[in-house]
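Can you build the whole structure from these sequences, using the hints too?
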Amino acid sequence: MRRFITAAEGLPQWTSPISHAVVVDRHCYLSGQLSLDTQGRLLPGTAAEEAHRAFEHLFRALAAAGFERSDLVFIDIAFLDLADLPQVNAVYERLFPAGQRPARTVYQAAGLPFGGKVKVQGVAVREAEAGGA
Amino acid sequence: MRRFITAAEGLPQWTSPISHAVVVDRHCYLSGQLSLDTQGRLLPGTAAEEAHRAFEHLFRALAAAGFERSDLVFIDIAFLDLADLPQVNAVYERLFPAGQRPARTVYQAAGLPFGGKVKVQGVAVREAEAGGA
Amino acid sequence: MRRFITAAEGLPQWTSPISHAVVVDRHCYLSGQLSLDTQGRLLPGTAAEEAHRAFEHLFRALAAAGFERSDLVFIDIAFLDLADLPQVNAVYERLFPAGQRPARTVYQAAGLPFGGKVKVQGVAVREAEAGGA
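Note that the protein sequences, when read in sequence, are chains S, B and P. Taking numbering that gives the first Met the number 0, the leading residue of the first sequence gets 0, the next gets one more, and so forth. Taking numbering that gives the first Met the number 0, the leading residue of the second sequence gets 0, the next gets one more, and so forth. Taking numbering that gives the first Met the number 0, the leading residue of the third sequence gets 0, the next gets one more, and so forth.
To be clear, the hints were calculated from the coordinates, so they are not data collected in a lab. Because the structure is a prediction, the values reported are computed rather than measured. Be careful, since some hints might not be right.
[As the list claims (entries may be wrong)] Partner residues aside, some chain S positions facing chain B, computed with beta carbon under 7 angstroms:
id, residue
1, Leu94
2, Gly98
3, Pro112
4, Gln120
[As the list claims (entries may be wrong)] Here are some chain B residues the structure puts well away from chain P; computed CB gaps all over 12 angstroms:
id, residue
5, Thr37
6, Ala89
7, Phe95
8, Gly110
We put the beta carbon where it would ideally sit given N, CA and C, even for glycine.
As structure tokens, then:
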């Protein structure tokens, strides 16, 4: 089973040639999300605010794909300024419960689309049914 | 089943210690590709030209791995200058049909190998057979 | 089956809200690793030294997750300075045997956490049992 999530309630209408999420069987690949409004314009804020909004979009895409937040196995966060990492971690800790957090990688990019401060991207995987592969 | 694609017709002969693609069962992980010639030297051009050539290499690695372009679920594009995003999107839209596009993430790197302007990387996943997992 | 690797012998004790690795069935997603000591402080060195230590952490996380080095299908390496690529490749070639190397992508970031010179991240996948999916 393959599904392409190209639009969903509350998600930015991309002018970009992408799917918000692509599902193949138990795997869901998510596009990078920024602090955009539903028309695809940057909603600038502090790094914490932008990260929170970017994660809301990521979770909306995930839900539209039929996955749960707890299915996320990997998160990639790109910063315009890594000095913002502590304030983004404070947001992040509330989004994911301790002991069940995704693997993660963070770095400072030289630039992000739309002039955003924080970009988040992820992968979700559901377990096979008991008895399955 | 695990397979390593280390060379294929038209692909750059890497001096780098990598496989162009690694396949495990229904998943195919692809190495980052740039606008290189078959000897592994940069073929400089506009960002659109470099992106087109990088995608040709990505598709060759994918084909050598036994996968189709429509199996691509995720694409990562790194730019030396994000101002090139519109011209690369114009190329990209022709490579992937609307409504069936991969999830994607883009950012501006501080530098790319060989002095390239655009690097593309991806993951492909094939569906399980009906009745399989 | 889903497992979160949050600590293991020799791995940095993260103050960061992450798992070192997340396993779902036959897939293992690994967090980015740097040249840190077990208290999570940077151990600065040459790029080759930092890369070697970062890979030791990646391999420890992988082992704690119950995977082998030969299960790695993809490696992402971020550099603070791509001029360090040749010396890191010299380390890398000894870590992965020719002909069975992961797919890989490398780029220069504008900054890495803790002021590191090299960050490494990866994905490992185990094959299905014969007769499985």
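Discussion item. Hint compliance check: list the failing hint numbers for this structure, sorted ascending.
Written reply: 1, 2, 8
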